[in-house]
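2 protein chains.
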Amino acid sequence: MQAKVYVTPKAGVLDPAGKATQKALHSLGFEEVRDVRLGRYITMEVEGDPTEVTARLDDMCRQLLANGVIEDYRFEVGETGVE
Amino acid sequence: MQAKVYVTPKAGVLDPAGKATQKALHSLGFEEVRDVRLGRYITMEVEGDPTEVTARLDDMCRQLLANGVIEDYRFEVGETGVE
Chain A
32 MQAKVYVTPK
42 AGVLDPAGKA
52 TQKALHSLGF
62 EEVRDVRLGR
72 YITMEVEGDP
82 TEVTARLDDM
92 CRQLLANGVI
102 EDYRFEVGET
112 GVE
Chain B
32 MQAKVYVTPK
42 AGVLDPAGKA
52 TQKALHSLGF
62 EEVRDVRLGR
72 YITMEVEGDP
82 TEVTARLDDM
92 CRQLLANGVI
102 EDYRFEVGET
112 GVE
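In order, the protein sequences belong to chains A and B.
Just so we're aligned, residue 32 is where the first sequence starts under my numbering, counting upward by one.
Just so we're aligned, residue 32 is where the second sequence starts under my numbering, counting upward by one.
Hints should not be assumed to be uniformly reliable.
Each pair may be met inside one copy or between any two copies, as identical chains are not told apart.
Calculated lysine to aspartate or glutamate pairs in the EDC-like style (CA-CA distance at most 16 Å, straight line) [said to hold, decoys possible]: (1) 41 x 62; (2) 35 x 66; (3) 50 x 107; (4) 41 x 78; (5) 41 x 90; (6) 35 x 63; (7) 54 x 110; (8) 50 x 62; (9) 50 x 76; (10) 50 x 110; (11) 41 x 107; (12) 54 x 66; (13) 35 x 89; (14) 41 x 63; (15) 50 x 83; (16) 35 x 110; (17) 54 x 83; (18) 50 x 103; (19) 54 x 76.
Because the hints were derived from the structure by calculation, they are not lab data.
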């Protein structure tokens, strides 16, 4: 199965990379943007029983992919090859 | 409007961070994962006419948010506050 994991800075946590990106966008003339937040988008193929994959992905996020103190995560599991 | 931008390494382009993440997942016992690819997930608020926002976002991606040589991008625009 194809899994997509989204890791984002928690609301209220400072996001200096997002701030820097916003500043760069402004200086390029894109002054209509605000609240730019930078996260990670991780895709992977996962083998296994669909009923277990969700729990396994949750473990992966908690153990490695996200830092629970400052980041939120969510994920989607779908058929391989579906965008 | 809320915009979500997904930046991913192009197919065929080496992704050393994805490889390192996969190796780390394997060593934590998640041996069912493969093809781990690491991308960026950028969220922002964009002011403006909905018909223009798409073209503006495309410009932002080409000029700053993605490196067109090695990365693909796509984005979604929606109502603010909708997950």
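Using 16 Å as the alpha carbon limit, work out where residue 50 and residue 76 are close: within a copy, between copies, both or neither.
For residue 50 and residue 76, only the inter-copy Cα distance (13 Å) is at most 16 Å; the intra-copy one is 32 Å.
Within, between, both or neither: how does the pair residue 41, residue 107 come out at a Cα-Cα threshold of 16 Å?
Result: close neither inside a copy nor across copies, 19 Å intra and 21 Å inter.
One pair to classify: residue 41 and residue 62, alpha carbons no more than 16 Å apart. Within, between, both, or neither?
neither (24 Å within a copy, 29 Å between copies)
16 Å Cα cut-off: does residue 35 pair with residue 110 within a copy, between copies, both or neither?
Classified as within: same-chain Cα gap 11 Å, cross-chain 22 Å, threshold 16 Å.
At 16 Å max between alpha carbons, let me know whether residue 50 reaches residue 107 within a copy, between copies, both or neither.
Answer is neither; intra-copy 27 Å and inter-copy 21 Å both fail.
How do residue 41 and residue 78 come out at 16 Å by Cα distance, when the copy is not named: within, between, both, or neither?
neither (30 Å within a copy, 23 Å between copies)
Are the CA atoms of residue 50 and residue 103 at most 16 Å apart within a copy, between copies, both, or neither?
neither (18 Å within a copy, 23 Å between copies)
Please work out whether the CA atoms of residue 50 and residue 110 approach to 16 Å or closer within one copy, between two copies, in both situations, or in neither?
neither (35 Å within a copy, 22 Å between copies)
Checking an output row: residue 35 and residue 63, CA cutoff 16 Å. Within, between, both or neither?
Classified as between; 15 Å across copies, 29 Å inside a copy.
Intra- versus inter-copy proximity for residue 90 and residue 41 (alpha-carbon distance at most 16 Å):
Answer is neither; intra-copy 19 Å and inter-copy 27 Å both fail.
Checking residue 41 and residue 63: alpha-carbon separation at most 16 Å within a copy, between copies, both or neither?
neither (23 Å within a copy, 29 Å between copies)
Are the CA atoms of residue 54 and residue 83 at most 16 Å apart within a copy, between copies, both, or neither?
neither (43 Å within a copy, 21 Å between copies)
Hint compliance for this structure: hints 1, 3, 4, 5, 7, 10, 11, 14, 15, 17 and 18 are not met, and every other hint is.
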